[in-house]
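The listed protein sequences correspond, in order, to chains A and B.
Counting along the first sequence from 1, when you hit position 3 you're at 541 in this note's numbering, and nothing is skipped either side.
Counting along the second sequence from 1, when you hit position 194 you're at 732 in this note's numbering, and nothing is skipped either side.
Watch out, some of these pointers could steer you wrong.
Pairs involving identical chains hold if they fit within one copy or between any two copies, as the list cannot separate such chains.
Said to hold, decoys possible - Straight-line Cα separation of at most 30 angstroms, DSS-like style, residue types lysine-lysine; simulated pairs: (1) K567 with K954; (2) K985 with K996; (3) K805 with K947; (4) K947 with K794; (5) K805 with K944; (6) K567 with K996; (7) K567 with K557; (8) K753 with K944; (9) K994 with K947.
Because the hints were derived from the structure by calculation, they are not lab data.
Number of protein chains: 2
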Amino acid sequence: MKPSIPRGTRDFGAYDMRKRNYIFSIIRKNFELFGYEPIETPAIENISTLTGKYGEEGDQLIFKILNSRLHENQKKELLTKEFAKTLQTAYNSPELTNKALRYDLTVPFARYVVMHHHQLTFPFKRYQIQPVWRADNPQRGRYREFYQCDADVIGSNSLLNELDLITLIDTCFKELNVPVVLKFNNRKILTALAEMVQHPDKIVDITVAIDKLDKIGKEGVNAELSANGIDETAIAKLEPLLDFKGSNAEKVQILKNVVGTNEIGLKGIEEIEYLLNAATTRLKHLTLELDITLARGLNYYTGTIFECKANAGTFTPSILGGGRYDNLTGVFGLNDMSGVGISFGIDRIFDVMNELDLFPASIQAQSTTQILFINFGQHEATYCLTIIAQLRSEGIACELYPDQKKIPKQFEYADKKKIPLVCSIGSQEMESGVFTVKELQTGLQEKLSLAQLLQKLKR
Amino acid sequence: MKPSIPRGTRDFGAYDMRKRNYIFSIIRKNFELFGYEPIETPAIENISTLTGKYGEEGDQLIFKILNSRLHENQKKELLTKEFAKTLQTAYNSPELTNKALRYDLTVPFARYVVMHHHQLTFPFKRYQIQPVWRADNPQRGRYREFYQCDADVIGSNSLLNELDLITLIDTCFKELNVPVVLKFNNRKILTALAEMVQHPDKIVDITVAIDKLDKIGKEGVNAELSANGIDETAIAKLEPLLDFKGSNAEKVQILKNVVGTNEIGLKGIEEIEYLLNAATTRLKHLTLELDITLARGLNYYTGTIFECKANAGTFTPSILGGGRYDNLTGVFGLNDMSGVGISFGIDRIFDVMNELDLFPASIQAQSTTQILFINFGQHEATYCLTIIAQLRSEGIACELYPDQKKIPKQFEYADKKKIPLVCSIGSQEMESGVFTVKELQTGLQEKLSLAQLLQKLKR
Numbered sequence: 539m540k541p542s543i544p545r546g547t548r549d550f551g552a553y554d555m556r557k558r559n560y561i562f563s564i565i566r567k568n569f570e571l572f573g574y575e576p577i578e579t580p581a582i583e584n585i586s587t588l589t590g591k592y593g594e595e596g597d598q599l600i601f602k603i604l605n606s607r608l609h610e611n612q613k614k615e616l617l618t619k620e621f622a623k624t625l626q627t628a629y630n631s632p633e634l635t636n637k638a639l640r641y642d643l644t645v646p647f648a649r650y651v652v653m654h655h656h657q658l659t660f661p662f663k664r665y666q667i668q669p670v671w672r673a674d675n676p677q678r679g680r681y682r683e684f685y686q687c688d689a690d691v692i693g694s695n696s697l698l699n700e701l702d703l704i705t706l707i708d709t710c711f712k713e714l715n716v717p718v719v720l721k722f723n724n725r726k727i728l729t730a731l732a733e734m735v736q737h738p739d740k741i742v743d744i745t746v747a748i749d750k751l752d753k754i755g756k757e758g759v760n761a762e763l764s765a766n767g768i769d770e771t772a773i774a775k776l777e778p779l780l781d782f783k784g785s786n787a788e789k790v791q792i793l794k795n796v797v798g799t800n801e802i803g804l805k806g807i808e809e810i811e812y813l814l815n816a817a818t819t820r821l822k823h824l825t826l827e828l829d830i831t832l833a834r835g836l837n838y839y840t841g842t843i844f845e846c847k848a849n850a851g852t853f854t855p856s857i858l859g860g861g862r863y864d865n866l867t868g869v870f871g872l873n874d875m876s877g878v879g880i881s882f883g884i885d886r887i888f889d890v891m892n893e894l895d896l897f898p899a900s901i902q903a904q905s906t907t908q909i910l911f912i913n914f915g916q917h918e919a920t921y922c923l924t925i926i927a928q929l930r931s932e933g934i935a936c937e938l939y940p941d942q943k944k945i946p947k948q949f950e951y952a953d954k955k956k957i958p959l960v961c962s963i964g965s966q967e968m969e970s971g972v973f974t975v976k977e978l979q980t981g982l983q984e985k986l987s988l989a990q991l992l993q994k995l996k997r
Numbered sequence: 539m540k541p542s543i544p545r546g547t548r549d550f551g552a553y554d555m556r557k558r559n560y561i562f563s564i565i566r567k568n569f570e571l572f573g574y575e576p577i578e579t580p581a582i583e584n585i586s587t588l589t590g591k592y593g594e595e596g597d598q599l600i601f602k603i604l605n606s607r608l609h610e611n612q613k614k615e616l617l618t619k620e621f622a623k624t625l626q627t628a629y630n631s632p633e634l635t636n637k638a639l640r641y642d643l644t645v646p647f648a649r650y651v652v653m654h655h656h657q658l659t660f661p662f663k664r665y666q667i668q669p670v671w672r673a674d675n676p677q678r679g680r681y682r683e684f685y686q687c688d689a690d691v692i693g694s695n696s697l698l699n700e701l702d703l704i705t706l707i708d709t710c711f712k713e714l715n716v717p718v719v720l721k722f723n724n725r726k727i728l729t730a731l732a733e734m735v736q737h738p739d740k741i742v743d744i745t746v747a748i749d750k751l752d753k754i755g756k757e758g759v760n761a762e763l764s765a766n767g768i769d770e771t772a773i774a775k776l777e778p779l780l781d782f783k784g785s786n787a788e789k790v791q792i793l794k795n796v797v798g799t800n801e802i803g804l805k806g807i808e809e810i811e812y813l814l815n816a817a818t819t820r821l822k823h824l825t826l827e828l829d830i831t832l833a834r835g836l837n838y839y840t841g842t843i844f845e846c847k848a849n850a851g852t853f854t855p856s857i858l859g860g861g862r863y864d865n866l867t868g869v870f871g872l873n874d875m876s877g878v879g880i881s882f883g884i885d886r887i888f889d890v891m892n893e894l895d896l897f898p899a900s901i902q903a904q905s906t907t908q909i910l911f912i913n914f915g916q917h918e919a920t921y922c923l924t925i926i927a928q929l930r931s932e933g934i935a936c937e938l939y940p941d942q943k944k945i946p947k948q949f950e951y952a953d954k955k956k957i958p959l960v961c962s963i964g965s966q967e968m969e970s971g972v973f974t975v976k977e978l979q980t981g982l983q984e985k986l987s988l989a990q991l992l993q994k995l996k997r
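Modelling step: build the complete structure from the supplied sequences, incorporating the hints.
Pasting the structure below:
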């Protein structure tokens, strides 16, 4: 039987792990420099916690977990009551499944805040780096298991938080050396538009439709809008916004003309202008772009919306998303907890950095092991173990070849693993205490005492 | 609706995260010092990959994932064919579920080795630090989601690998300062015993029964043995082994007498003696104890078996397990790949260290943020942001209080989060460029320039 892994999932070998850990470490370091504290939540959440937060499309993509070990009477119940009905019923039956894999880190975070808010200090700034799962159709940059790196602050509605997050994004991508455009928008504008076209109820339909502009074009968007029962005149009112161009300042001007006196629209414009003015002077790396088509599928955003894309190469999916949510904890019974956060898509950042070859040469090396000790046999091996113990206690990563194989075979092992040095200790070296050390790259061979070897390795 | 999390799962706040990361970092560092390379595998594996590897009891504890989005015709199929039959059938129907959450890291590792063996260099030493899931009944030290930290070497049957792993265990627990007894045994002994009592087929039953000695006592074990069809005389032959005492050397002697000339038994004794002699001189911290009742439920062990328990406090569950498996990759079609590995149960190590209060004082601090800047209003805040950007670029973690709340409220935030310093920059300080900095613990208040502040923070 040939083994395989589920589609949309991946194995990561040592080489990829080093690259990924490089990204993780830079993001984690900056999360902490910016005052965010680490938390972790379970991969498994109650279904009731997750459903209804991501829109209908999202709910479809939640991986549900089969209940383990049912009681006999429950089984009968299910067999008769549930499975007699349609499969759909059985699928949603809590007796069959009441747990699911987390779909993102934001909703579990909101759940966490509600459950622990008595012990937390607000405004609460947390970061969280964990995998999430989505039963999506795998394609380039879209996986069924992928990591999210989230930073959120909850319990404060100050725009200084948005500003701090923009700076955080700027700092991380600058250090990662990834060319990035940060597109942003404000959900209040979209709400205003929905109001203005007399379809306040249809904001989700409208935003989801607008969100697809890049994919399905104007005609597509308009078709979807009218399919959602939005009439010609309303659609006409929206259309000019689908291709407004120019500098951010010019775009704001267009927005002002369209929004007119709509109250929530004006509030949205005010927020946009504040961030544009405050951020522009501080950004060291990012390109900031106001994008009215940016809506993001998620239902819970109420203010600023963020999205980052690589500014070079052929990789188009967004590599970061985020925004302001005024009442995500409300569904769990805790109101007046406005939050804002961002999520780095590190699997996609990994893809971008691979395509653009942005990883430093230092982590191109395959092995952390600095020196391999040749195994000449039981007696010599035992001697080597003592040397190895001393080197490791000095922080030097080293290995003894475990098997008494032919010497060339052992050198080949070091070569393949890109271990830079090989140390040969035979009976002669054991007597003299002077070891033969070979640099594989240069071929240079030296006779070194333990002290000299240690000195060489510490360099 | 009051939110909750599934039983057996946990949330980890910043304080616990710091303690857990302390354990992770020490284990990871030593894994790399010993030449193990990092890999990661998906949380989701095909059911066929997992089932049949952990014994019947284990298979029962595998969390299965409901297939997403079935095609209509599949649904009908299921409705008629499967769900007409018993629920058990439906439960195992691949149309209903073909994926599951990994149960440990060893089987996925074997699967990984088989799928990637053309790119790997053997002997292949890998470490893997990821969560696993088991639908077990939660109790003290037993969770449904927990982390494993595994180090394995595969493609070598040299006992030097066992020796290296014992040294690795010794080094990690010494650095963690956790008092530990390392119990070990050899599966070959158990095989020999099964042969000697004319029940070679019953080795699993026998080992599983013996494994329960601590829990159900001699009578319990004997009852279970005879329940498994092992006759009185056979049980009698085994009994002396259930309470053999003394030093490791004395135990080996008893073993020799019992095993007699049984070939595989003698091989097992040879391996045990080698490890005892080689390890004892090298151990700096561990207590090594030969324990014939140690069998571990897992089917795939064939040689040495490891298990660690805390040597102090009231926490009895094992905190590390491992052993030699001669042909785990065979089930996936790759033979002659003997491997040996260990798995640190960091959630239990965390519990032990909490009970024994073994975490260093340095990580008892709640916050990584070194200094909080008071928010006196838009104008002052904007000024602070520039200072903050400079401090962060120097590697100082700092925050601006995002809201223009009353000053005492802002100091309370720093106090609760255990942020050591608070910096107040009002209009006066902005003019003079000299800031007021207060140490919350001592109450000491200083006037510092940015340069002086930076100096103070770097100390």
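Structure-based check of each hint:
Within a single copy, K567 and K954 get their C-alpha atoms only as close as 32 angstroms, which misses the 30 angstroms cut-off; across copies the closest is 23 angstroms, which meets it. In this assembly of identical chains, the alpha carbons of K985 and K996 lie at most 30 angstroms apart only when taken from the same copy (17 angstroms versus 43 angstroms across copies). Taking the shortest alpha-carbon separations for K805 and K947, only the inter-copy value of 28 angstroms comes in at or below 30 angstroms, while the best intra-copy value is 71 angstroms. Within a single copy, K947 and K794 get their C-alpha atoms no closer than 73 angstroms, and across copies no closer than 38 angstroms, so neither meets the 30 angstroms cut-off.
When the C-alpha separation of K805 and K944 is checked against a cutoff of 30 angstroms, the pair qualifies only between copies, where the shortest distance is 25 angstroms, while the shortest distance within a copy is 76 angstroms. Taking CA atoms no more than 30 angstroms apart as the test, K567 paired with K996 passes in both settings, with 26 angstroms inside one copy and 17 angstroms between copies. Proximity of K567 and K557 under a CA criterion of 30 angstroms is satisfied in both settings, with 16 angstroms inside one chain copy and 17 angstroms between copies. Neither within a single protomer nor between protomers do K753 and K944 lie at most 30 angstroms apart by alpha-carbon distance, with minima of 60 angstroms and 49 angstroms respectively.
In this homomeric assembly, K994 and K947 come within 30 angstroms of each other (Cα to Cα) only inside a single copy, at 25 angstroms, whereas the closest approach across copies is 55 angstroms.
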